[in-house]
Amino acid sequence: MTTLALITIGQAPRTDVTPEILPVLPADDIREYGALDDLDADQITALAPRPGESALTSRLRDGGSAVFGHDRAVPLLQEAVSRAERDGADLTLLMCGGLFPALVHERPLFGVERLAHDGVRGLLGGFGPGARLGVVRPLPEQTGEAYEHWEASIGVRPNAATSASPYTDPVETIAAAAATLATEADLIVLDCMGFDETMRAAATAAVGPDVTVVTIRSVAARLLGAVL
-12 MTTLALITIG
-2 QAPRTDVTPE
8 ILPVLPADDI
18 REYGALDDLD
28 ADQITALAPR
38 PGESALTSRL
48 RDGGSAVFGH
58 DRAVPLLQEA
68 VSRAERDGAD
78 LTLLMCGGLF
88 PALVHERPLF
98 GVERLAHDGV
108 RGLLGGFGPG
118 ARLGVVRPLP
128 EQTGEAYEHW
138 EASIGVRPNA
148 ATSASPYTDP
158 VETIAAAAAT
168 LATEADLIVL
178 DCMGFDETMR
188 AAATAAVGPD
198 VTVVTIRSVA
208 ARLLGAVL
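According to my numbering, the stretch in the sequence shown is residues -12 to 215, in order.
Note that these hints are calculated values from the structure, not bench results.
Remember, it's a predicted structure, so these values are computed and weren't measured experimentally.
Just so you know, even glycine gets a beta-carbon here, dropped at the ideal spot from N, CA and C.
Restraint-style ranges between C-beta atoms, simulated for each label pair:
hint	residue 1	residue 2	range
1	117	51	40 to 50 Å
2	35	160	16 to 26 Å
3	89	11	22 to 32 Å
Put together the whole structure using the sequences plus the hints.
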């Protein structure tokens, strides 16, 4: 029997994510944890990014969303990993597109970031030399970081990047954001766990048949499913 822990940097359960990825994650038991599970609204507000600190965003249990600082999220994420392993998780998936320092763990720990980036690198290679990457991030302040972030990760610098939020923007806005990248990319990545298949389908229709759109949740979940 395999127990898989899904950890969000927001609050569990992620009813907007888990049902969509379950078909490709054949674990016997799936449990959800959130880095912000034990925090109230005031405590979450106090985690707002400091000047110069990278920002993260995630969904909350009530269906809303929050923006908070990367550095102060790390110890909360560590506690969620430790809690999952204490509860008997055989392996854990960090459901966040951000980069984090090495977390302490005793059992296999996979990150959406690493799985998705390696998967995107493989997909991009299939388009041939010079294939162009486009990235849609959830926050405007993350757009500038996307270029260095992806280049450092997979050795390919995005040709273009923009932003639209899966938590606060309608599907039409997300599709329109992707469409602005259509002439500058062969592969567009919706770079946040909040982007779902409905959003990807709308973006695909908006960019036209010559551009491929993927979500990091789908790429990462399919790769993880291969080891379950």
